[in-house]
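Protein chains in written order, with this note's numbering: chain A, 1 to 286; chain B, 287 to 793.
Keep in mind the hints are simulated off the structure, nothing from the lab.
Don't take each hint at face value.
Said to hold, decoys possible - Listed next, the stretches of chain B that the computed footprint assigns to chain A, with coverage defined by at least 3 CB atoms under 8 Å from CB atoms of chain A:
#1 307-319
#2 475-481
#3 550-564
#4 695-707
#5 735-749
As the list claims (entries may be wrong) - Once the Cα atoms are required to be at most 27 Å apart in a straight line, the calculated BS3-like pairs of lysine-lysine come out as:
#6 Lys638/B to Lys64/A
#7 Lys745/B to Lys712/B
#8 Lys677/B to Lys663/B
#9 Lys732/B to Lys297/B
#10 Lys106/A to Lys663/B
#11 Lys481/B to Lys457/B
#12 Lys481/B to Lys144/A
#13 Lys760/B to Lys106/A
#14 Lys481/B to Lys209/A
#15 Lys716/B to Lys745/B
#16 Lys746/B to Lys712/B
#17 Lys325/B to Lys311/B
#18 Lys325/B to Lys760/B
#19 Lys702/B to Lys745/B
#20 Lys326/B to Lys311/B
#21 Lys745/B to Lys685/B
#22 Lys86/A to Lys663/B
#23 Lys209/A to Lys519/B
#24 Lys137/A to Lys476/B
#25 Lys144/A to Lys746/B
#26 Lys457/B to Lys476/B
#27 Lys476/B to Lys144/A
#28 Lys732/B to Lys760/B
#29 Lys663/B to Lys685/B
C-beta atoms are modelled at their ideal positions from N, C-alpha and C, and glycine is treated no differently.
Chain by chain, the residues:
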Amino acid sequence: MMRPRKWPGLSLTWPTPRGGKGGIDMSKHVTQTGSDAARPTGGSQGDESREQWLARLAEQSRQKQERFMNNISERLRHPRMTTAPKHPYRGAPDFWRELDWTTEQKIDAFSDNWLSVGGHVAKLGSMDEVSAYITAKAEEMGAKFLVRQDDPTLAGLGLEEALPDVQVSVWNSDEQQPWKARAAEADFGVVQADHAVAYTGSVVVTSSKEKGRSVSLLPTVLFIVIPAERLKTRLGEVLIGLDEAGREALPAGVHFITGPSRSSDIENDLTIGVHGPGVVYALIVG
Amino acid sequence: MSGGKSGATVKARAELALNDEFLRKAVRFTTERLRNGKKKASEEHGNWEEWRERGRQIRLHTIAHLDYYLNTFVENARANGVHVHFADTAQEAVELTLDIAEHVGARSVVKSKSMVSEELHLNHALESIGVEAIETDLGEYIIQLAGEMPSHIVIPAIHKNRYQIAELLSKEAGYELPPDTTALAGFVRKKLREKFLEADIGMTGCNFAIAETGSMVLFENEGNARMVTTVPKTQITLMGMERIIPSWEDLEVMATLLPRSATGQKLTMYMSGITGPKRTADGDGPEEMHIIIVDNGRSLQLGDPEFQELLNCIRCGACLNACPVYRHIGGHAYGSTYSGPIGAVLTPSLNKNIAEWDDIANASSLCGACYEACPVKIPLHDMLVYLRRRKVESGNGNKLEGMGMQGFATAMSSSKVMGGLLRMGKLGQKLVVRDGFIRTKLGPLKGWNTYRVTPSLPKKSFRDQWATLDQELKAELREMPTAMRERMEQKAREQRESKDGGGHGHG
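One chain only, chain B, in its complex shape (with noise of 0.2 Å):
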């Protein structure tokens, strides 16, 4: 995972996405497309607190017996024909798809979106042993071309104008197309419509497992996904170990939340539940399924009281839209696989590596719009806070943060000191006040200063006046309305009385 991630920091990138002016606009266009969507979907389904709360309990019930939902599933999945295999690595997933790849001889293979392939760098591993790796999804396509990461988990190439993608894909044409987006699709269509029929091995991602019957269950809009689980005489699931829901009933509150927080429909255009290879009879289907159960981190969050939650959730991006950090610094910025929110807690725990990713978890104003739009209610700012703890404990935390966290707890604890600190200020400061405010960018001020002015502390701050305010209000009280007086000294009475008088069991 570490080779998704440069060596800048979050900090760096987001610098970089905040200066790219279509990146910000299409960013906060897209969010709030989608953002209104599900606000407007969930608030005419109805019972929306309901319908979150019903899906939390499903998926921590699954995520709590776990052991039980994922070998039934297994079970059931071989009892269909499918060849189940385990990978606790990324590295093990990947070479268990080189290996089947190998074993069919395959020349291509044909990918609807998965974003646990983008966890294992897959097509790049395929590449180098000389199969060809094709994305299906549109946006996927694109951003394959681009060679670049998808920047959003619903809509991948978000940062993309139809200039940019025209040029692509006029590369690959062969000959000039216009920013037109019908042609452009158009064109897309054609050329993968020839690699679907021509590839060896189809390869998807799976957004729910059912245990009772071992099918898997996919949600798209392009038809993409069905191409791949339709054409090719080969198919291969990369499936994250979670996945899991107890039966199809239970698909209905998934099938309920997942669309209408992702897109704001009632239902994707197409809900796939595949149960197996083709039957022997049948004139299409893979011949041949392969499910890979990816853990590549993930029970490691089992029986984590703090992180287990995360588990829980079911790829919606719904975080993303409603995150104000997201808004403004795009899917880039995180510098891994997943972003947004979500992304900022799962990629640290999926890798057990507070130290390298610390950052990303700053990448958060902790306002808790993430836990509000989650369609599973998952915690994900009180999370924020238990990396950034962890960080802390660990001993990566920023000394000079907590040296000043030291300072300012000292300075706090006593009114002498806090008083003698801002006399001292209030002198200092003469140096660097120009109309009221600070502009210097020097020193520990650069950071905040960049951007914004610091106010100069006031010739009378609130603490100088307080002896004086205490005193008027004092007096006010005294110089009351003599009605209003009346009217509050009935009241003080009568709680008396009933007070005392009562007895009905209150004390």
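The shape of chain A in the complex, shown without the other chains (with noise of 0.2 Å):
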């Protein structure tokens, strides 16, 4: 039943259907392997520095470029397209952008959401009911280290007086450490959302100098504090405000988490916690 994947053996060819060259040539990339020690970069290309070696690719990728749209606009038969063409189907149909929740509405369905993927919720009043909440948690789950994203409101939440066991970073705060190390042993992250979506219980988190994307993906718990102003109705409410921001104003990472982390892939048994955190907490406050 369970065919091996069959190789076309060391040799490496691939068929070629536009022709060009039978195979690659192997000698180019054969480097001296079993030297684990610094391997020397750009081999082959002899002196080439590395940014010559990207100025290169950037020459190659110019030219392709035009060979490669141009073939598009010759099969779809009509003239290359420089301007936007007309797109009126744009976005979600028009019913939908009628649907808005009430706050309450909006929390109850994050909620119930959120609770459905296996996820936690707390309704909390204020900001002092979040420090008092991670707080317990810490002392409950015996937590050693938590990383927080560098922010005033989570700064406001005192987390480094009320835990003098727990070794509380500050993401990004100090150049000199590794960051990512110290978010991967951390036991607790803490951020805050900069938005949620009620309709698909989703938070959304974005990267920046004082966030980290790492925060949120590699502590076992993540502890999500959601302002509940905070909370829309529709997920293209937050994606519509992507495209009015643009490019330029955009950062790096754009995460919509909806839960923690699982995976169906042994005999479709769900487990939850596969690489990211499998315990998550969503605070939602006011």
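Put the complex together from the two separate chains, hints included.
As structure tokens, this is what we get:
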């Protein structure tokens, strides 16, 4: 039944549907295998520097781009399009855009969704309550390391003082630290949501100097503080905001998180916490 | 791509699959789970037909103007600081990847799920230059250890049970792991954590690329795609040239259709939009980001009225779960990267090699369940017919079948010939009929009679009885109850009158 992947063998020849040379010239790629330390970069290109190499690739790319696009427009049988075509079906259907829930409805829908995928929810009245909640959980679970985003609201929680036995790190607050390692060893990660979406039960976190992507990804347990006024009804409300912000204003990473990391890859059996945090708390404030 | 297909036919591979009890049950269970999940999620969401139509329109529009949108994406991605590359063929994409791996001095590459990379057979190429390639999606990791191909687009290791998985992972661990899902997944989490942290390159596919901002979007549940795009210094993304949508706003429609169609989720646990490498001050994210835009046969579909819509596919796998053939034989029987109805059309189309891949177009009952399931309404069952037609037109048809069809046409076009043949058949079958059935597996009957029996020709056929039947029917009409007859005549009169005297413009 299980046919092992059949490789073309070490000679590596691929069929070439469009002509061109048959197979890859492996001699160009084979470097001294086995030498672990500092493999020379740029190997076969002689003295070409990294910048020169990238510049050469960029030049190749621009030339190819023209051929690529011309091929597309030729096949589509129209002249190369240089202005934006009219897009009459942009985004969700009109009826959908009318859906707009009250804050209470949004909180309820978000909570139901978050719970249904195995997350935890707490509705809290103030940031003090958030602080007390996280503190209690840290004591309950015996957390040793906590990493949080460098965010005034989160600083206001005063976790450093409340948890004297826990090593609390503030993301990217010190350039010398290996921050990814700090996040990887953390038991708790604490972030504040930029937005949340009630209909899908998702929170949105964005990256910046103060806000590491690792903080919501590498720790075992994740706490997401969600000010109630940041809850939106539909996904589209957040997405349209990204269009409006425009390319230059976008952060490198915009992450929609809809619950704990999960997989059903082994016998369809649901497993929680495969690569990302397996325990996620949504703390809705207000 | 031919490296992925053994010499055997789909039929031979399907036979193997059908004789594997566990595989059959696992495939049926999984596809049913996913299909029911989709049904529930789409009903709960409501107005599904309108969303499907919207999804189709967005995909049609983007592909019809692909030169504009792809070019816009490329310019914007470059402005974000991404190194964009183009690959006409799988081979070029592999060469570009190896070139980058060499220049960053990579020792290991962590990969999140990418169907394009399966198309390229990239792992082997990386290993040949001494770079370790590690699949990090749990299912992909398992089948990589087993040295196999994904058997389902969404659940790649559908064909493995947990005992087989425990055995594979124990070998990797160097100690005995119990056949328990949590323990196995826990081992993989720990093992791959180390791999993420020491990898030089993170490699991803691309679910959607946003033209207007040059961003790429990934959907996943495990968090491995986030790992791959957060931890290593260099990111390489392989992207099919058709993955484009115009805007983030359009992503709402795709995000509504894709997870619901794939697994019945409202949204996957993670949806990540990545716009360029890390900003200078950021504490994580890749310092260098490459996007390789791959054609590999895709542009051949552009301008082909029968197949252009193939490029609308969003790789959800709903057609696999709906397909009665896939549900019986599983993914490996298709013998290619893409399986199920979409694979049966996509593989020969990307390869433009109808003769070699002809038999997978026959692995379909043409029932149209795939079209019903498709969130962007690709008429896959029509395409399968087009493929079969092209195969015959290109002279690769089955000669015997052709002769048979001609004979059939001759027989059916003349009542006399048909009657004569039937009489001959009735005589001839006496040699093989037992208890009203033909069970012999001789000659042309072998294929059918291996699993079924052929009923014999009846002593008195419908044709023979027709004259009597016809008379009986006419007699019955005459014997109609008076009340019924009056009603019918009344009705007929009314119709006549309204027609004659109406003059209201109906005529």
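Structure-based check of each hint:
1. 307-319: holds (count 5)
2. 475-481: holds (count 3)
3. 550-564: It holds: at least three residues are needed, and the segment 550-564 of chain B offers 14 whose Cβ sits within less than 8 Å of chain A.
4. 695-707: Not satisfied, violated; 0 residues make the cut.
5. 735-749: The restraint on the segment 735-749 of chain B is violated, since only 0 of its residues have a Cβ under 8 Å from chain A and three are required.
6. Lys638/B to Lys64/A: holds (23 Å)
7. Lys745/B to Lys712/B: Roughly 7 Å separates the two Cα atoms, so the pair holds.
8. Lys677/B to Lys663/B: Holds, at roughly 24 Å.
9. Lys732/B to Lys297/B: holds (14 Å)
10. Lys106/A to Lys663/B: Violated. Lys106/A to Lys663/B sits at ~32 Å, over the 27 Å cutoff.
11. Lys481/B to Lys457/B: The hint holds at about 17 Å.
12. Lys481/B to Lys144/A: Holds, because 24 Å separates the two Cα atoms, which is no more than 27 Å.
13. Lys760/B to Lys106/A: Outside the cut-off at roughly 69 Å; violated.
14. Lys481/B to Lys209/A: With Cα atoms ~25 Å apart, Lys481/B and Lys209/A stay inside 27 Å; holds.
15. Lys716/B to Lys745/B: holds (11 Å)
16. Lys746/B to Lys712/B: holds (10 Å)
17. Lys325/B to Lys311/B: Holds, at about 21 Å.
18. Lys325/B to Lys760/B: violated (49 Å)
19. Lys702/B to Lys745/B: Given that 27 Å is the threshold and the Cα spacing comes to 18 Å, the pair holds.
20. Lys326/B to Lys311/B: Distance ~22 Å between Lys326/B and Lys311/B Cα, so the pair holds.
21. Lys745/B to Lys685/B: violated (33 Å)
22. Lys86/A to Lys663/B: holds (22 Å)
23. Lys209/A to Lys519/B: The given pair, whose Cα atoms are some 16 Å apart, holds under the 27 Å limit.
24. Lys137/A to Lys476/B: At roughly 24 Å apart (the allowed maximum being 27 Å), Lys476/B and Lys137/A satisfy the hint.
25. Lys144/A to Lys746/B: violated (88 Å)
26. Lys457/B to Lys476/B: holds (15 Å)
27. Lys476/B to Lys144/A: holds (19 Å)
28. Lys732/B to Lys760/B: violated (44 Å)
29. Lys663/B to Lys685/B: violated (34 Å)
Consistency with the previously given hints fails for numbers 4, 5, 10, 13, 18, 21, 25, 28 and 29, ordered from lowest to highest.
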